[in-house]
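Work the whole structure out from these sequences, hints included.
All the letters of the sequence shown, read from the start, carry residue numbers 1 to 232 under our numbering.
It should be emphasised that the hints constitute simulated quantities derived from the structure, not laboratory data.
Zero decoy hints are in this set.
Below, a list of computed lysine-lysine pairs in the DSSO-like style, where the Cα atoms sit at most 30 Å apart:
(1) Lys14 - Lys73
(2) Lys73 - Lys22
(3) Lys22 - Lys47
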Amino acid sequence: MRKLLHSEFMSKLKDDLAKARKSVIIISPYITSPAVSNLVDAIAGTKTIEKIVVTLPFGIEYLTGAIELDALKRLQKSGVSLRSITNLHSKIYIIDNKIAYLGSANFTGSGWGLVRNSNIEVMTRIQLSKMDTEEIRLTYLNHSNTLELSSELEQAIINGKSFIQSYQQSLAKLNEFVINEVSSLDELKDRYYFFLKNLKDQKKITSFVREKNTKQFGMNVFHISNSAIIAL
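Here it is as structure tokens:
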């Protein structure tokens with residue numbers, strides 16, 4: 001019977017990774033350094049096996065930090081073949097074409113429970129048949145492309161991050177401007193209120209209350225000193 005794995009997922013996966021003899025294949029749209037460090041440590045003694053990671057091609061994920069370039073570089077340095085496939089959403093970890101972990105956990109620190117406020121994930125560990133393995137390879141590996149970590153890609157990421165930072169700064173200034181404008185408009189709208197308040201402060205009137213029946217009297221009708229009604 002298959003068991004659902006939660007926080008214990010990572011420890012079980014690391015045990016299986018350390019025992020790998022033929023291959024390790026990881027399919028995940030997001031990749032960050034904490035999870036990569038754990039993988040590299042787990043497979044340190046398995047240099048001759050096939051190691052493949054499939055993720056998304058260059059896109060917004062590389063600019064937001066969902067996919068970290070440094071993490072990809074470390075994988076490549078560790079002998080991992082990097083591949084990409086568009087519209088990827090699956091999270092699959094395959095060891096020796098026999099064991100697979102399927103579920104919600106990305107190949108990230110939050111997915112693996114390695115950082116504060118990590119995600120709540122659920123995974124299941126299954127035994128793969130030969131047909132299962134062939135289907136996974138056909139779906140993901142045969143339709144993927146080599147992911148090149150070129151200097152052009154690195155520069156595109158740098159430029160993209162700079163653009164996002166500039167956009168966020170401009171958006172913050174715009175929000176500040178809008179807030180200030182709204183405040184000014186509100187003050188202008190209530191100039192009658194401040195005019196009457198000033199009269200009250202000078203003790204020229206004792207009180208003023210805005211008429212609530214705006215449909216009948218309009219927006220700027222006030223009851224003055226509990227007697228007179230004026231329209232401004």
